[in-house]
Amino acid sequence: MDTLFTINNLWILIATVLVFIMHLGFATLEAGFVQKKNVVNILFKNCMIIAIGLLTYYLIGYNLMYPGEAFAGGFIGRIAPMDWAAAAVSEADSATSAMSGYTDFIFQGMFAATCATIVSGAVAERIKLMPFLIFSTLFVAIAYPITGMWHWGGGWLAEMGFYDFAGSTLVHAAGGFAALAAVILLGSRHDKYRKDGSMNVIPGHSMPLAAMGVFLLWFGWFGFNGGSVLSADPNAVGLVFVTTSLAAAAGAIGAFVCSYIMTKTYDLSMVLNGILGGLVGITAGADQMSGLESIMIGFIAGIIIPLSVVFFDRIKIDDPVGATSVHGICGIWGTLAVGIFGAKAGISQLGIQFIGTLAVGAFAFLASFGIMYALKLVMGIRVDVEEEIKGLDIGEHDMHAYSLKEDGIFQLTSE
Amino acid sequence: MDTLFTINNLWILIATVLVFIMHLGFATLEAGFVQKKNVVNILFKNCMIIAIGLLTYYLIGYNLMYPGEAFAGGFIGRIAPMDWAAAAVSEADSATSAMSGYTDFIFQGMFAATCATIVSGAVAERIKLMPFLIFSTLFVAIAYPITGMWHWGGGWLAEMGFYDFAGSTLVHAAGGFAALAAVILLGSRHDKYRKDGSMNVIPGHSMPLAAMGVFLLWFGWFGFNGGSVLSADPNAVGLVFVTTSLAAAAGAIGAFVCSYIMTKTYDLSMVLNGILGGLVGITAGADQMSGLESIMIGFIAGIIIPLSVVFFDRIKIDDPVGATSVHGICGIWGTLAVGIFGAKAGISQLGIQFIGTLAVGAFAFLASFGIMYALKLVMGIRVDVEEEIKGLDIGEHDMHAYSLKEDGIFQLTSE
Amino acid sequence: MDTLFTINNLWILIATVLVFIMHLGFATLEAGFVQKKNVVNILFKNCMIIAIGLLTYYLIGYNLMYPGEAFAGGFIGRIAPMDWAAAAVSEADSATSAMSGYTDFIFQGMFAATCATIVSGAVAERIKLMPFLIFSTLFVAIAYPITGMWHWGGGWLAEMGFYDFAGSTLVHAAGGFAALAAVILLGSRHDKYRKDGSMNVIPGHSMPLAAMGVFLLWFGWFGFNGGSVLSADPNAVGLVFVTTSLAAAAGAIGAFVCSYIMTKTYDLSMVLNGILGGLVGITAGADQMSGLESIMIGFIAGIIIPLSVVFFDRIKIDDPVGATSVHGICGIWGTLAVGIFGAKAGISQLGIQFIGTLAVGAFAFLASFGIMYALKLVMGIRVDVEEEIKGLDIGEHDMHAYSLKEDGIFQLTSE
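Protein chains in written order, with the numbering used here: chain A, 5 to 419; chain B, 5 to 419; chain C, 5 to 419.
Quick caveat, the hints were computed from the structure, so don't treat them as lab data.
Treat the hints loosely; a few may be bogus.
Because identical chains share one entry, a pair is satisfied inside a single copy or across any pair of copies.
List of simulated lysine-lysine pairs, DSS-like, C-alpha gap at most 30 Å [unchecked claim]:
1. K196 with K394
2. K380 with K268
3. K348 with K268
4. K268 with K394
5. K320 with K196
6. K320 with K348
7. K199 with K394
8. K394 with K380
9. K268 with K320
These numbers come from a predicted model, not from an experiment.
If we strip away everything but chain A, and leave its shape as in the complex, we get (with noise of 0.2 Å):
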């Protein structure tokens, strides 16, 4: 086998890795984010989704969304499963290749299921699990690999010269707009918005538990970027990790410095989507930025974190995790900013970037409207209130998510 092919490919897997610690980073933030009764339920959603995300995505989505050389400039791939024979490299093709077709199919894979992901914090804590089961099933096999086609995919917004990097609008966007549309459909939790217009706060169960699904998502989106390069080569891997860390730490300052100013504490929700938002944001033009402009894209997302949270919970989008706010907003600024910043700066491209995030983010919104609006008249999508009250993890699992009672007292459950 060519060395360098090997290296590029070997670079793929890891980073496929690194993608797929993602999930954990999204169950255990998600988890953090809502309140004790809920966390089984959220952590039962985050297991099924890898699993039906990367199924699906064998069955149906890979070549959905990358239907090869024939399917230029359009709008739809084919419908087949993953082509396994065809899979492996030849040892004569390996020196012009990037990467063997069982790496690409997980690394995309892997990318296919954090979009859904993201819609599972925003309707948590009174979703029903069935529907939202079958939501994302539909979500991450059809909707995910067709917007992804129109540009990964080489369809008409990658004719159209648009650009994302590695999916601030393809996965992040996407999936935000995704999740404002079932937020929607959905309505706030019964005791989030009260009559007089005040509002309550909800405080998530466990700061330890988001904090670490924080550091988990940054580490993972080493992979998520750097894996984007498709090969190892030493200058653009590397350039696009320095450029992943500084809009990070920059994110992090910024949500600091705004929510400080809002409201006179440090608060710590706010760094940790701050240090996502940042993320987000850098993804469209990681390979793009230099250190400078890297910081200054972080540092504003992380200023818009705050501000958005604010905003939805002013027009009554009640989303417990903020993912509309750091996936979907933070995903048009990053988008749009490679417009503004970097090599491709530019009106023009500015303008292709806003068309592109529109599009993207105007189907997702349908398409996860269309599919909950269904499921909302054929099963209900709404746990009822005495269910949310008490708590999904007993009204769905039976379960709960902690038994924390004194040590050294027997206790028969039953008798």
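Place chains B and C on chain A using the hints.
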């Protein structure tokens, strides 16, 4: 140095790091599944096992397991510490070597310790610390390398044509059957099975910890299976990543469906163990299967989990984390699956697989039984019932896992 | 691009990712070892430190630490941001380069931030947030790069023949002695030492978090030490993996034995810190030792831990996480061990090691003392005793780490 050698060696080192973090996966999985009062004890054991495992593997295990060609077809390797002086590969030999001796040792050493860890979950909440540590030392230093040598060290099972790619039998079934022997000798937790034949459900104290464990184990499994290719071959490692992931995903679905049919609830513990069952199941043939075959193997493993867990409870084998089902039963299933699916499928291969898994499982069972029985005679292996009720954290460690008293109250712990 | 260059660069990038996750390791370790009422504060600090560390290293630290050959033998580097334009390596130069400038920066930047993190654990539970953040900024931007330059940047210690492979002194002892100075100025927690000379044991709030931290730190240490080879050389990186792991394992055993002799209990905190002590101890000579020497170094480090922890408590240095023992004392031990064991052992080398660790430790101590003293005069560094009793989470962040109230009870937090 030869570049392909350098790449291959690098991948095995990275795989080593991934297998290492499986020990955190086991630690959090087991900690999550036990009661709050035994958490320090589990963490302590898991810290000591990795320490004991690496040191004994250096001192004796490595050469017992990989004695070299002179021992081909044999039953036992040689007793000697790792050959430090001979571990470096010369530049001249690099083109024909797979990895350096250091790399080989550390990759295999990480594997060895996992085998003893499997036992620790099954015997949790009532085994005495010191005898368990002695057991682990003997098991990982002697028993695991002996059966490991039979196949991977070129022993009689290798000669016979037995196939176990990354250890469904050599690691998982061995650990699972060692666990079974230990549980039989140890007996169930005092409050698990009631005289009227009914059973007490003893819930784990933290589902987030357990879920974290499963994600970390899957994460590490990319190194466990992917590293077992013993090179960075782009087709082979890519294929193994895909089969491993699809089987894990299908394991989740299998356990979801089967446990829902059995109990009409969405059982998180079962889905978590279903993922692990899928991973254990694919491990023997991860390099032999197609995508669909991997899905079938994983799905069946997932179905096995709830059935096996119920079965062991019926026969009063009390295994708090389900290790006998996940590692023992799914380890057998995965080994047999090599004779049913994939390139090696066939009735004679199935027979060989059966003999191999039976031989290794029986040896592990007997070795574990023997060691535990001796320890039982000499020093006792079980804490008394008062300590069991009070919890091993206080009984063995004089420590609580958590101090979660209310904030803002000043508590002097003694005066 | 040259393939060996590409492999070497790739390994350093992956090592960077591993060192990054050490920040989660520190965050969970420290969070686990503090009281529940100060957990948000610790997490907040750890998020900000990595952000501050990376940004200041970009703006000033990198060139202060690695000023280039013109500064050989000197005491201080040059003040300038990272040279973005010059960071890419041309194809022509790739055969003779170790890694790209981006890769070098981000790997070193991840190291820099760990040094400040070491301090955060020692001063936990009573330091004010803002002065700590200012301290961290100055320490990581200026103090760490100055002593770092003395050895790794080609300064006077390098010229003298001092040897510190991956930072037992430059990172760990520097951090440990900076912590010591800060603790001396800050004073002990108000309820730690009683007037009658006895001591209040203040247990950490979560052993699972602490254990997770140790496993994640070990995990990251493969990148910390392995990446310090600065290439993917199969013998060198493999050797470092083995020595690092054996020392960590022996550290666990050393602390286990020593703490059992001292207290007759199996003390999890000591074993956890013993592992870290072993890791810190091997860091200066990880590429110089044989397997047995690594075991000896780690074992002695493990023995040091309980002795040092007791010693610091005797002299009323209140360090909630044991950072001065783990990083300070074991950092010195590891540095001296290079003069005692391995290829460089010898009385003159031992003398040089002693001078080096003394010089760096003294500089870090004085720099930390100076910065903290100035902050104490200007703004105060310690929260008042009411806030300390109530907890810094409420005092500084108006937030609880956990909301663990009973499920199913509807609580309106305000009306």
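To see whether the hints hold, each was checked on the structure:
Proximity of K196 to K394 under the C-alpha cut-off of 30 Å is found in both arrangements, the shortest distances being 15 Å within a copy and 28 Å between copies. Taking identical chains as interchangeable, the C-alpha atoms of K380 and K268 lie at most 30 Å apart only when they sit on different chains, with a minimum of 22 Å there against 41 Å within one chain. Taking CA atoms no more than 30 Å apart as the test, K348 paired with K268 passes in neither setting, with 38 Å inside one copy and 55 Å between copies. Proximity of K268 and K394 under a CA criterion of 30 Å is satisfied inter-copy only: 19 Å between copies versus 34 Å inside one chain copy.
Proximity of K320 to K196 under the C-alpha cut-off of 30 Å is restricted to the intra-copy arrangement: shortest distance 9 Å within a copy versus 47 Å between copies. In this assembly of identical chains, the alpha carbons of K320 and K348 never lie at most 30 Å apart, being 37 Å within a copy and 59 Å across copies at closest. Within a single copy, K199 and K394 get their C-alpha atoms as close as 22 Å, which meets the 30 Å cut-off; across copies the closest is 34 Å, which misses it. Taking identical chains as interchangeable, the C-alpha atoms of K394 and K380 lie at most 30 Å apart only when both belong to the same chain, with a minimum of 22 Å there against 47 Å between chains.
For the homomeric pair K268 and K320, the shortest alpha-carbon distance inside one copy (23 Å) is at most 30 Å, but the shortest distance between copies (35 Å) is not.
Checked against the numbered hints given earlier, this structure breaks hints 3 and 6; the rest are met.
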